[in-house]
Every structure is written in structure tokens, then in C-alpha cells.
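**Student:** Each chain, written out:
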Amino acid sequence: MINNKFFGRKRAEPARPIPPGQYLEDGFPVLSAGPTQRVDKATWNFSIEIGDDTVGTWTWDALNALPQTDLHTDLHCVTKWSKQDTDWRGVTIDALLADAGVQPPAGFVMASSDGGYTTNVPSADVIDGKGLLVHTYDGEPLEAEHGGPVRLLIPHLYLWKSAKWIRSLKFMDKDEPGFWERYGYHMYGDPWREQRYTND
Amino acid sequence: MSQVSTIDWQIATVRSIHVESPRVKLFTLELPAETPFRAGQHFDVRLTASDGYQAQRSYSVSSSPEPAPNPTSIEFAVELIADGEVSSYFHEAVEVGDQIEIRGPIGGHFTWSPIAAKPVMMIAGGSGIAPIMSMIRHRSNADVIKKTPMLLMFSARTEADMLFAAELESIAVNDPDFHLIVALTRSEEVASGNRPFRHLRRIDGPMIESALSNLATHPSRSYICGGSSFVEAMANHLLDLGIPNNSIRTERFGP
Chain L
0 MINNKFFGRK
10 RAEPARPIPP
20 GQYLEDGFPV
30 LSAGPTQRVD
40 KATWNFSIEI
50 GDDTVGTWTW
60 DALNALPQTD
70 LHTDLHCVTK
80 WSKQDTDWRG
90 VTIDALLADA
100 GVQPPAGFVM
110 ASSDGGYTTN
120 VPSADVIDGK
130 GLLVHTYDGE
140 PLEAEHGGPV
150 RLLIPHLYLW
160 KSAKWIRSLK
170 FMDKDEPGFW
180 ERYGYHMYGD
190 PWREQRYTND
Chain P
0 MSQVSTIDWQ
10 IATVRSIHVE
20 SPRVKLFTLE
30 LPAETPFRAG
40 QHFDVRLTAS
50 DGYQAQRSYS
60 VSSSPEPAPN
70 PTSIEFAVEL
80 IADGEVSSYF
90 HEAVEVGDQI
100 EIRGPIGGHF
110 TWSPIAAKPV
120 MMIAGGSGIA
130 PIMSMIRHRS
140 NADVIKKTPM
150 LLMFSARTEA
160 DMLFAAELES
170 IAVNDPDFHL
180 IVALTRSEEV
190 ASGNRPFRHL
200 RRIDGPMIES
210 ALSNLATHPS
220 RSYICGGSSF
230 VEAMANHLLD
240 LGIPNNSIRT
250 ERFGP
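Sequence lines, in order, name chains L and P.
For the first sequence, numbering that gives the first Met the number 0 assigns the number 0 to the initial residue and increments by one for each residue that follows.
For the second sequence, numbering that gives the first Met the number 0 assigns the number 0 to the initial residue and increments by one for each residue that follows.
Next comes chain L alone, as it looks inside the complex (with noise of 0.2 Å):
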């Protein structure tokens, strides 16, 4: 449907194109469902369990310890803004994976998170480099209301599914539907495909 007075204002080209639905943000707005959390480096951990098992557990110092990667991407999140050219530092699920001496499961991972949160991805979308704990966004350490001082990031879905305040990756036969997830939310949320709310 055509609204005839609607034009659109006067748009930069983006860098690279932006998904269907999207538009640019300088900014870094923050969305969360609850208040910022308060996590202590000094006693914050990171588990990795394969079913009812815990495969490792990371303390800050330990996850620091490991291989670090750098990454240069654009963020997209179902509310309809995207940022494009943003800098992380942080530990591929690889990297811990292999620390743990495991073989990455085939499957689902339930992520969770200090205040409860929740968000289901296929495995495949967090291992070969897809998905990272970060520490550090743009050279300083991650702020609190942006999920530091830990969260996951996996900048090729929408951003719900980058947790913030990220305590432990669980693996699973099965998907399960997340804390958004079961607001409705859709299972996979490929913003290319714009898939924002269930069976989008």
C-alpha cells in the first residue's frame, strides 16, 4: 500500500545495504526487558553444558586468557534500527569449545543470562567463527547497559539474540523457545529475511 504524502526523508547511501525494514543509527540505543544487571568481574563465570552436562566454566581472568579475535560488523535489531561498522573484541565459542576439549554439538543452544533472560539459535549459527563472548566494543571494555561486562554476539541475527550479561550457552537435541521467543518473537530471526515475530 502506497501512502501518498509519505516520502521518506532525505537518506545517506549506507556503506553496504541494510536489511528490509531497517534504518541507520549513529547512536547505541539500549533495549532490555529489565534493569541493567550488576555483574562482578571477580566472581562472574561462563559455563558451556552439552545436555545436562558442564563441559567448562570460565572464569573473567581465564576467558581473557584465551585466544582473542577481533571483529568488524553490523548490528541489526528488530526494533528497527541497524548500526553499521562497529568493533568487538572478545572469545569465539570456538575458542572455548576447544578449550573444553569438545566437538561442537550439533542441534540448538539455549544462551542465559544474570537476570534471567533467555534466547535459542541453531549451534551451527554460533560456531566457525559466527558467534563470540565480548568484552570490548570499540578499543573500551563493554559498558553495563550495553550487556557488559560479557555478552554474547551474533551480529548476523537480530540483536535479541546477542544476550546481554551472558552466564552460560547450554547445547540441546531440540529447539526451545526463549524469553522473547515466547513473547512471540520468531525462532531463528534472520533480519535479511525479516523475520521478526513467529512464522514471519
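Among the hints, erroneous ones may be present.
Derived DEER-like restraints, expressed as beta-carbon distance ranges [to be verified]: (1) P:H108 / L:G138: 26 to 36 Å; (2) L:G138 / P:D203: 30 to 40 Å; (3) L:L65 / P:E187: 54 to 64 Å; (4) P:K117 / L:A105: 42 to 52 Å; (5) P:H217 / L:R88: 33 to 43 Å; (6) L:G138 / P:A92: 35 to 45 Å; (7) L:G26 / P:S72: 32 to 42 Å; (8) P:E187 / L:R88: 46 to 56 Å.
Honestly, the hints are just simulated from the structure, not real lab data.
Every residue, glycine too, gets a C-beta built ideally from N, C-alpha and C.
Given the structure of chain L, go ahead and fit chain P onto it with the hints provided.
**Tutor:** Just chain P now, with coordinates in the frame of chain L:
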């Protein structure tokens, strides 16, 4: 809940436009079909230019879900944003009778229904009152003997910027279980009349602590909606006052 079908785009018709404040207009849209929603949910709006360019935004519903279960219209508040291509379209171009593509309802965390009698607290900044207004109206319409005790702390720039002012004050005056505290952040003095609920400063920890004394117990749940930095500050105040993290629900907009 994840088994619902696709949320389809539908064409709504603008039934009325009301200038609510210098920067906010209220739009009432008639939906093509009965559409149940919960107080606090939002709809997506999609605008399409003749060259195919599209823009989408989300707007919280400010009207009540009644007549339940099948309302046929929704109201939402559009604040004019500098350089906002969608908000400027609504403010400058949209007329009664125009058609708008929308889909929803969407979201389910920032919602409230008056099933529990335990007190709730709402904190709204500016147009962040919109989804909370839906909850307040829902509460007013609830068919219960005793309404849920509710505390609303509402921050606005000036008297004129306070959305739904008359309606909120009417509820506050007539309903002993509804408590309204207004904080005007850019007002030198109270405009006129006897306005007992006004503070002339930003909402801070002591103001919240004092306001909470209106409730018999700590709120079982708190809802905060507004701009990002406002919500951040308010949520931190609540945590500092010992309000449990998992009882606080937030909705943030803007950078």
C-alpha cells in the same frame, strides 16, 4: 504461545487526531477486524513511499483493551522527533480518513492485567506514559470490587507536556487506590490551581522512596517506560531501594 500464526499486515483507517501536547498527537485507528490485545502491547506501523521506500516503527497502544475481548480500534501517541521521517509524516501529513498499514499486537513482557490485587508501581517519562495509560485505563475498566493499588510517577518537561493530564488527575482524585506523583523537569513553578501531586525536579531516589509510602507494601511489580537514559536511571533507583530485580519490567525507546 510461540505457536501463534503469522502476524499479518492490515490496513487501518485514521478515525480521529487529537493534539495532546505541543509535541504529541494522539491517533485513533480503526482496525479492519476485531483485534484482542493486552494492555502494554505495541503495533508496528509501515509506511511506503511511491518509489517503494519503506519505513517501519513501533507504537505502544495507549487505549484500553476494552471492549474485551475484541476491540476494533486502537489509540497511539506519536511524539514529533527531530528528523523523524515517520513521526513527521504523522504530525504533518496524516488526516482523518487516511489509511495506514499496521500489524500487531506485539510484545508480551511489558503487559499488565488486573488479576492480582498486589500493588504495582508505574514510572513514565514523557510519551513513555502511552503503554502505561493502557494499563491504567484497563484497571479503571476492570470489573472487580477493589481495584489494584497503583502508584504512577510521571515525569514530563512542563505542565503542557504532560499527556493525559486531566484523565489521570480525575482518576487520582476519585480513586483512593490510585496515587499520582508528577515531576516537572523544566517548569519554574506550578502553572495554576491547587496541584498537590507536583514536584519541580527530576524523579530521584528520595522522591520514589517517599512515593512508595502510598502503597501498603512494596510493589509486586514495577513498570518503567520512557527514553533510554530515563529508564536506566529509574531502574537503578529502584534497585538501590531494594526493589527486586526480577519484579522490574522496562520498555525503552530512543537512543
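**Student:** Now tell me, hint by hint, if it's right for this structure.
**Tutor:** Status of the hints after comparison with the structure:
Our hint of 26 to 36 Å for H108 of chain P and G138 of chain L holds, since their Cβ atoms are close to 33 Å apart. Taken as a hint, the range 30 to 40 Å holds for the pair G138 of chain L and D203 of chain P, whose Cβ atoms sit roughly 33 Å apart. Distance hint check for L65 of chain L and E187 of chain P: the Cβ-Cβ separation is about 57 Å, which falls inside the suggested range of 54 to 64 Å. The supplied range of 42 to 52 Å is met by K117 of chain P and A105 of chain L, whose beta-carbon atoms lie about 45 Å from each other.
Restraint check, H217 of chain P to R88 of chain L: a C-beta distance of roughly 41 Å satisfies the suggested window 33 to 43 Å. Distance hint check: the CB atoms of G138 of chain L and A92 of chain P are about 43 Å apart, consistent with the given range 35 to 45 Å. Remark: the range hint 32 to 42 Å for G26 of chain L to S72 of chain P is upheld by a beta-carbon distance near 34 Å. Remark: the range hint 46 to 56 Å for E187 of chain P to R88 of chain L is upheld by a beta-carbon distance near 48 Å.
Checked against the numbered hints given earlier, the structure satisfies every one of them.
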